[in-house]
Amino acid sequence: MANPCAIAGIGQTRHASQRADVSIAGLVREAALRALEDAALTFADIDAVVIGKAPDMFEGVMMPELMLADALGAAGKPMLRVHTAGSVGGSTALVAASLVQAGIHERVLTVAFEKQSESDAMWALAPKIPFQPTVVAGAGGYFAPHIRAYIRRSGAPLDIGMRVALKDRLNALRNPYAHLHQEDITLEQIAQSPMLWDPIRYAETCPSSDGACAMVLVSEQAARSAPHRPAWVHASAMRSEPTMFAGRDQVNPRAGQECAAAVYHQAGITDPRREIDAAEIYVPFSWYEPMWMENLGFAPEGTGWRMTLEGATAFDGDLPVNPSGGVLSSNPIGASGMLRFAEAAMQVRGQAGEHQVDGAKRALGHAYGGGSQFFAMWIVGSEKP
Amino acid sequence: MSEQVYGIKVPIRLDYTYVVGTAPARFLRGLAQGKIVGQRCPSCAKVYVPPRGSCPTCGVPTRDDVALSDKGIVTTFCVVNIPFAGSAVKAPYVSASVLLDGADIPLFHLLQEVATEDVRMGMRVEAVWVPNDELQPSMNSIRYFRPTGEPDAPFESFKEHL
Ligand SMILES: [Zn+2]
Numbered sequence: 001m002a003n004p005c006a007i008a009g010i011g012q013t014r015h016a017s018q019r020a021d022v023s024i025a026g027l028v029r030e031a032a033l034r035a036l037e038d039a040a041l042t043f044a045d046i047d048a049v050v051i052g053k054a055p056d057m058f059e060g061v062m063m064p065e066l067m068l069a070d071a072l073g074a075a076g077k078p079m080l081r082v083h084t085a086g087s088v089g090g091s092t093a094l095v096a097a098s099l100v101q102a103g104i105h106e107r108v109l110t111v112a113f114e115k116q117s118e119s120d121a122m123w124a125l126a127p128k129i130p131f132q133p134t135v136v137a138g139a140g141g142y143f144a145p146h147i148r149a150y151i152r153r154s155g156a157p158l159d160i161g162m163r164v165a166l167k168d169r170l171n172a173l174r175n176p177y178a179h180l181h182q183e184d185i186t187l188e189q190i191a192q193s194p195m196l197w198d199p200i201r202y203a204e205t206c207p208s209s210d211g212a213c214a215m216v217l218v219s220e221q222a223a224r225s226a227p228h229r230p231a232w233v234h235a236s237a238m239r240s241e242p243t244m245f246a247g248r249d250q251v252n253p254r255a256g257q258e259c260a261a262a263v264y265h266q267a268g269i270t271d272p273r274r275e276i277d278a279a280e281i282y283v284p285f286s287w288y289e290p291m292w293m294e295n296l297g298f299a300p301e302g303t304g305w306r307m308t309l310e311g312a313t314a315f316d317g318d319l320p321v322n323p324s325g326g327v328l329s330s331n332p333i334g335a336s337g338m339l340r341f342a343e344a345a346m347q348v349r350g351q352a353g354e355h356q357v358d359g360a361k362r363a364l365g366h367a368y369g370g371g372s373q374f375f376a377m378w379i380v381g382s383e384k385p
Numbered sequence: 001m002s003e004q005v006y007g008i009k010v011p012i013r014l015d016y017t018y019v020v021g022t023a024p025a026r027f028l029r030g031l032a033q034g035k036i037v038g039q040r041c042p043s044c045a046k047v048y049v050p051p052r053g054s055c056p057t058c059g060v061p062t063r064d065d066v067a068l069s070d071k072g073i074v075t076t077f078c079v080v081n082i083p084f085a086g087s088a089v090k091a092p093y094v095s096a097s098v099l100l101d102g103a104d105i106p107l108f109h110l111l112q113e114v115a116t117e118d119v120r121m122g123m124r125v126e127a128v129w130v131p132n133d134e135l136q137p138s139m140n141s142i143r144y145f146r147p148t149g150e151p152d153a154p155f156e157s158f159k160e161h162l
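Chains A and P, in that order, give the protein sequences.
Counting with this note's numbering, you get residues 1 to 385 for the letters of the first sequence.
Counting with this note's numbering, you get residues 1 to 162 for the letters of the second sequence.
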């Protein structure tokens, strides 16, 4: 049996298209210091640091963890870097949690970041490889065909993606850290925004953000001296699948289904839609909300879009999805997964302020990456499991 | 008052020698002859193109070469309306997932000689090759795919490849 692991501190930066006021080191420190303050700890109290970000190709800084060791107080301590593409923020948190669950460390600081203003993600995601012409334009070019396949398979009305975008942008107005605060956004504006990667419109894509997120994960013993109520890890899982194989289902990937089944099993959940109070899931393109509703078992295959249409995933719905505004409102890529995990924990700690879901006791944090190849999830609760 | 300096541009470039391995080398040599070569898994019989030398599902080596047609169907696609650095073509264009006849996994390629709004899932397409004297061991030997004008393939016939 794993030891209990508590989330005693959470911090995030203000996310923006360009945080010219800080370096990468300054950005990660901003989140780390907020998480430490929340836990009433200092760098000196931390036993190990686990850091994650998207591939080095983005900012063009090879192994930034080396130059960030001193900024994060890691001198003389174990420091490790996790790599799982877009899901990295989630898997970084899970690696950090496992160090506590295994009884190796008492207090682990985990941090994830991206400084997209210093990066060219479109270029980094349009690789020249000998087997294919350079026609895949960034992440949107990769995911658009799968969205088209979802629409065809499910028969979803064409405005579902726009409804998701509107909902998440309105939720972001409740989140002071969110990158996008679009006060007067309307469905019509979204409909009229340029079609970038048909069927993905500009307003249905995530922004490009600078930002970081950090958490202090502690043992049961260390949680006793935390000043604020912690969240508890009830379940955690990661799953992977090959980049390509015949019959691979990228609309409803098997690795995602199995990862979800694993966390529900660990948490003793049999009816996720009823038993989970809020979900922070990785939706970089609006249509991924209904797709992941099905993949995560919240809706039968082909019907996830009904949850969006009926308002089930809205802030006042029966399963609020991305009350923080989600990836569609802030996307510091490497940090985006950790933000989902941290926002889930904030909900069960009752710490989410204006976007607090009333009485949330159990929440899901979800991240995916690498062309739907890696999945990371955790379920956190207000009570010790 | 001096102007604040936030950053400087330091462009990087990366040239690398890609070691293709035996199976992809056969595929690339095939392209230099105007042919598309895949490989069949001895265990599940799925045909992979480009072949990687092993079946990702069964974990066994694939040794049987399969000559594939240069015709196939568009399983799904994206209309790219946004220009980006390093793009091979001018936007708007269609990047399509093309399932060649006889293959079990789609290739990604450019689709041309058709208006973007006329592209459909299930559309029959064929490769347009460069002239013989320009063939090379590269995917660039196929300039793009274009519609054949044959009737569309039914959704059921390719839904396993989405
Ligand atoms: Zn096989």
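The set of hints was computed from the structure by calculation and includes no laboratory data.
Please note: incorrect hints may appear among the correct ones.
For each label pair, taking beta carbons as the anchor points, the in silico distance ranges come out as [claimed, not checked]:
1. S240/A <-> D15/P: 50 to 56 Å
2. C44/P <-> E37/A: 54 to 60 Å
3. A25/A <-> R146/P: 38 to 44 Å
Result set (EDC-like, lysine to aspartate or glutamate): computed pairs, CA atoms no more than 16 Å apart in a straight line [as the list claims (entries may be wrong)]:
4. K159/P <-> E301/A
5. K9/P <-> E118/A
6. K90/P <-> E113/P
7. K361/A <-> E383/A
8. K46/P <-> D104/P
9. K35/P <-> E134/P
10. K71/P <-> E150/P
11. K9/P <-> E383/A
12. K159/P <-> D249/A
13. K77/A <-> E106/A
14. K46/P <-> E160/P
15. K77/A <-> D120/A
From the structure, some residues in chain P lie toward chain A, with a derived Cβ separation under 10 Å [claimed, not checked]:
16. C44
17. V80
18. F108
19. M121
20. N132
21. L135
In this text, a Cβ means the ideal position worked out from N, Cα and C, and glycines have one as well.
Run the structure past the numbered hints and jot down the numbers of the failing ones, going up.
Of the numbered hints, 1, 3, 11, 15, 20, 21 do not hold.
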